[in-house]
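**Student:** The chain contents come next:
Protein chains: 2
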Amino acid sequence: MKEYIKDPKEIERKSFEIITKELGDKTFEESMGKIVKRVIHTTADFEYADLLEFHPKAIETGKKVLKEGCKIYADTQMIIGGVNKNKLSQFGISIVNFVHDEDVVKKALETGVTRSIIALEKAALDKGIRVYAIGNAPTALLTLERLIEEKKVKPDLIIGVPVGFVSAAESKESIKDTGIPYIISRGRKGGSTVAAAIINAFLYMI
Amino acid sequence: MKEYIKDPKEIERKSFEIITKELGDKTFEESMGKIVKRVIHTTADFEYADLLEFHPKAIETGKKVLKEGCKIYADTQMIIGGVNKNKLSQFGISIVNFVHDEDVVKKALETGVTRSIIALEKAALDKGIRVYAIGNAPTALLTLERLIEEKKVKPDLIIGVPVGFVSAAESKESIKDTGIPYIISRGRKGGSTVAAAIINAFLYMI
Chain A
1 MKEYIKDPKE
11 IERKSFEIIT
21 KELGDKTFEE
31 SMGKIVKRVI
41 HTTADFEYAD
51 LLEFHPKAIE
61 TGKKVLKEGC
71 KIYADTQMII
81 GGVNKNKLSQ
91 FGISIVNFVH
101 DEDVVKKALE
111 TGVTRSIIAL
121 EKAALDKGIR
131 VYAIGNAPTA
141 LLTLERLIEE
151 KKVKPDLIIG
161 VPVGFVSAAE
171 SKESIKDTGI
181 PYIISRGRKG
191 GSTVAAAIIN
201 AFLYMI
Chain B
1 MKEYIKDPKE
11 IERKSFEIIT
21 KELGDKTFEE
31 SMGKIVKRVI
41 HTTADFEYAD
51 LLEFHPKAIE
61 TGKKVLKEGC
71 KIYADTQMII
81 GGVNKNKLSQ
91 FGISIVNFVH
101 DEDVVKKALE
111 TGVTRSIIAL
121 EKAALDKGIR
131 VYAIGNAPTA
141 LLTLERLIEE
151 KKVKPDLIIG
161 VPVGFVSAAE
171 SKESIKDTGI
181 PYIISRGRKG
191 GSTVAAAIIN
201 AFLYMI
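Chains as they are written, first to last, in UniProt numbering: chain A, 1 to 206; chain B, 1 to 206.
In isolation and in its complexed conformation, chain A is listed as follows:
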């Protein structure tokens, strides 16, 4: 039988030790480092050390609103599947996604746009949502930007890490102009696992 580490705490400790070592001279402010390392832990992709970009108020704001037990909109079920449920309930945080809602699916088919757009428009009506975590659809992030510009929604924090080849990089650059605190991954890379890792990093810090 093969020998390997089976203790989850030891696996995590060793993983972060390796990540810290391989990051070398690349150091971060403590909280930022925890987020960056958790994303690398999730993706095994050191490029994120350069791709992640933080609004100066993003970390402070994220800690504050999560500690207050806010509501999060996630643009995929995968993000919801990936966040630590014990921590969510400990802080009274709820996380919702509307992409598979019947009314959303119907309207998306009728209008010929992505379900992500319609779902985001539905989310914007819920003023209890203070954090938007977009890990998949650039169209969701672009819709969020439009609704912010139209003053129809004003979140406290945007985790903008959609992945893709069509509008992904642009959507992340332009969300920076809204004035809302953000964490983004520049360029094409990102994903639901990245969004979940960022949320989890916050949950482990607060």
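Hints should not be assumed to be uniformly reliable.
Since copy identity is lost for identical chains, a pair holds within one copy or between any two.
Said to hold, decoys possible - No more than 27 Å apart at the CA atoms, straight line, and that leaves these computed lysine-lysine pairs for DSSO-like:
#1 Lys-176 <-> Lys-2
#2 Lys-6 <-> Lys-34
#3 Lys-14 <-> Lys-106
#4 Lys-85 <-> Lys-122
#5 Lys-6 <-> Lys-152
#6 Lys-151 <-> Lys-2
#7 Lys-14 <-> Lys-176
#8 Lys-151 <-> Lys-87
#9 Lys-176 <-> Lys-106
#10 Lys-85 <-> Lys-14
#11 Lys-127 <-> Lys-14
#12 Lys-106 <-> Lys-85
#13 Lys-9 <-> Lys-63
#14 Lys-106 <-> Lys-127
#15 Lys-9 <-> Lys-57
#16 Lys-127 <-> Lys-71
#17 Lys-85 <-> Lys-71
#18 Lys-122 <-> Lys-34
#19 Lys-6 <-> Lys-122
#20 Lys-9 <-> Lys-106
#21 Lys-106 <-> Lys-21
#22 Lys-2 <-> Lys-122
Hints were generated in silico from the structure; no laboratory data involved.
Chain A is already provided as a structure; the job is to place chain B on it using the hints.
**Tutor:** Positioned in the frame of chain A, the structure of chain B alone reads:
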């Protein structure tokens, strides 16, 4: 208002066109190409063109068992969240994960090993499970390997794409020796999104 493509079909078509173009000389057998491109589509990471490795019978076997409406064990809820539900029900495929089951959580705490190990041992008792999709935990893949060696389980296909810094690369190399058809991602990279993308690529082909 910004102009961008809102039609999901057009976004997907254009994404795959860009991926195919940037892959350049790197071409694949048709079905394999669909899987590789869907993984790149999900991660925006072209390294997967080199990291994915296919057992010669993996694609044929995967298509066959999925068409027959098999049961899949996924090592995370994220994988389940990421697969196309309409396609699953169309083919009568079920997908399960036991990591959050009460008995699994309890036994993992008692024994001090990862929940992924205990959950995999539980899955191995269900002989209806014909495909194992491991996107997160190297310990799940190592447990699967051990149970295959002990002739306690004999799946038709293994999607072995756990991510990480501790045992991930080794777990994927050693699953290749079991004789079971596999699709793996060599090295540290992988993830739940990668596993879901591989399953979805199959679902769109069959």
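**Student:** Could you run down the list of hints and mark each one as holding or not?
**Tutor:** Each hint tested on the structure:
1. In the homo-oligomer, the alpha carbons of Lys-176 and Lys-2 lie at most 27 Å apart only across protomers (15 Å), although the nearest pairing inside one protomer, at 49 Å, exceeds that limit.
2. In this assembly of identical chains, the alpha carbons of Lys-6 and Lys-34 lie at most 27 Å apart only when taken from the same copy (23 Å versus 35 Å across copies).
3. Within a single copy, Lys-14 and Lys-106 get their C-alpha atoms only as close as 47 Å, which misses the 27 Å cut-off; across copies the closest is 24 Å, which meets it.
4. For a Cα distance limit of 27 Å, the shortest separation of Lys-85 from Lys-122 qualifies both inside one copy, at 24 Å, and across copies, at 22 Å.
5. Proximity of Lys-6 to Lys-152 under the C-alpha cut-off of 27 Å is restricted to the inter-copy arrangement: shortest distance 20 Å between copies versus 49 Å within a copy.
6. Within a single copy, Lys-151 and Lys-2 get their C-alpha atoms only as close as 59 Å, which misses the 27 Å cut-off; across copies the closest is 16 Å, which meets it.
7. For the identical chains of this complex, Lys-14 and Lys-176 are inter-copy neighbours only, at 25 Å across copies versus 35 Å inside a copy, given an alpha-carbon limit of 27 Å.
8. Proximity of Lys-151 and Lys-87 under a CA criterion of 27 Å is satisfied in neither setting, with 32 Å inside one chain copy and 39 Å between copies.
9. Taking identical chains as interchangeable, the C-alpha atoms of Lys-176 and Lys-106 are never at most 27 Å apart, the minima being 31 Å within one chain and 44 Å between chains.
10. Taking identical chains as interchangeable, the C-alpha atoms of Lys-85 and Lys-14 lie at most 27 Å apart only when both belong to the same chain, with a minimum of 24 Å there against 36 Å between chains.
11. Taking identical chains as interchangeable, the C-alpha atoms of Lys-127 and Lys-14 are never at most 27 Å apart, the minima being 41 Å within one chain and 35 Å between chains.
12. Proximity of Lys-106 and Lys-85 under a CA criterion of 27 Å is satisfied inter-copy only: 16 Å between copies versus 30 Å inside one chain copy.
13. For the homomeric pair Lys-9 and Lys-63, the shortest alpha-carbon distance inside one copy (24 Å) is at most 27 Å, but the shortest distance between copies (38 Å) is not.
14. For the identical chains of this complex, Lys-106 and Lys-127 are intra-copy neighbours only, at 23 Å inside a copy versus 38 Å across copies, given an alpha-carbon limit of 27 Å.
15. Proximity of Lys-9 and Lys-57 under a CA criterion of 27 Å is satisfied in neither setting, with 31 Å inside one chain copy and 37 Å between copies.
16. Only within a single protomer do Lys-127 and Lys-71 lie at most 27 Å apart by alpha-carbon distance; the minimum there is 9 Å, versus 40 Å between protomers.
17. In the homo-oligomer, the alpha carbons of Lys-85 and Lys-71 lie at most 27 Å apart both inside one protomer (14 Å) and across protomers (26 Å), since each shortest distance falls under that limit.
18. For a Cα distance limit of 27 Å, the shortest separation of Lys-122 from Lys-34 qualifies neither inside one copy, at 32 Å, nor across copies, at 33 Å.
19. For the homomeric pair Lys-6 and Lys-122, the shortest alpha-carbon distance between copies (17 Å) is at most 27 Å, but the shortest distance inside one copy (43 Å) is not.
20. In this homomeric assembly, Lys-9 and Lys-106 come within 27 Å of each other (Cα to Cα) only across copies, at 16 Å, whereas the closest approach inside a single copy is 45 Å.
21. For the homomeric pair Lys-106 and Lys-21, neither the shortest alpha-carbon distance inside one copy (50 Å) nor that between copies (34 Å) is at most 27 Å.
22. Taking the shortest Cα distances, Lys-2 and Lys-122 sit within 27 Å of each other only across copies (20 Å), while inside one copy they are farther apart (51 Å).
The structure shown violates the earlier hints numbered 8, 9, 11, 15, 18, 21.
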